[in-house]
Amino acid sequence: NAGVTQTPKFQVLKTGQSMTLQCAQDMNHNSMYWYRQDPGMGLRLIYYSASEGTTDKGEVPNGYNVSRLNKREFSLRLESAAPSQTSVYFCASSEGRGFSGNTIYFGEGSWLTVV
Amino acid sequence: AQKITQTQPGMFVQEKEAVTLDCTYDTSDPSYGLFWYKQPSSGEMIFLIYQGSYDQQNATEGRYSLNFQKARKSANLVISASQLGDSAMYFCAMRVSTGRRALTFGSGTRLQVQP
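As you go down the protein sequences, you meet chains E and R in turn.
Residue numbers 1 to 115, in this note's numbering, belong to the letters of the first sequence in order.
Residue numbers 1001 to 1115, in this note's numbering, belong to the letters of the second sequence in order.
Hints are computed from structural coordinates only; laboratory data are not their basis.
Where hints are given, some of them may not hold.
[What the hints assert, rightly or not] Example chain E residues on the side facing chain R (calculated, C-beta under 7 Å, incomplete):
{"no.": "1", "residue": "Y33"}
{"no.": "2", "residue": "M41"}
{"no.": "3", "residue": "G42"}
{"no.": "4", "residue": "L43"}
{"no.": "5", "residue": "L45"}
{"no.": "6", "residue": "Y48"}
{"no.": "7", "residue": "T103"}
{"no.": "8", "residue": "I104"}
{"no.": "9", "residue": "F106"}
{"no.": "10", "residue": "E108"}
{"no.": "11", "residue": "G109"}
Every residue gets a Cβ at the ideal spot worked out from N, C-alpha and C, and that includes glycine.
Turn these sequences into a full structure, and let the hints guide you.
Here it is, written out as structure tokens:
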């Protein structure tokens, strides 16, 4: 059972480089999310996609772009990486368009270091 | 806007004892869900328990129970019979029925179970 798969798991970037974090889910979920987790803090929402073809900004969107390529895939791009973007990134997905108690499923996280 | 507050940065508990992790929340939305996640040192987010705002009874899942006090806007996690494997970060989170419908997280509580 794959669930939510995100790649790469670890990445070191130099300041100014660009990269894309990939995320795919195999649960036919409508909604997908990207979060970041800084040391000693909870997860903060970067971007989310309520359904295929739609994306919206979350709490901390600056410096990031996203693409909802299809229902399965939701990628996060850093156009010009900065040391402040050193963090652990989590992709997540959930079913349903409306509110429900449906569990949100998380990927295993991607550790990104910008030097 | 939603807010989750976890006021205990760290907690210690003896093995086999019960422990309560505090969580208070703030939202003006009458329909919402409250979640608890466990994050071990390996980093993955593990869903533990869910409580809906209209649920009449407190949620229970094995050794986990959620002490939901709606009037006080609190949703404390109770872990009974603590085990060494319970040592981890614990996050309280909330999801509302309007707007983003993404999870909003607290800052977490680090629980250490001592033998």
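* List of violated hint numbers, smallest to largest -> none
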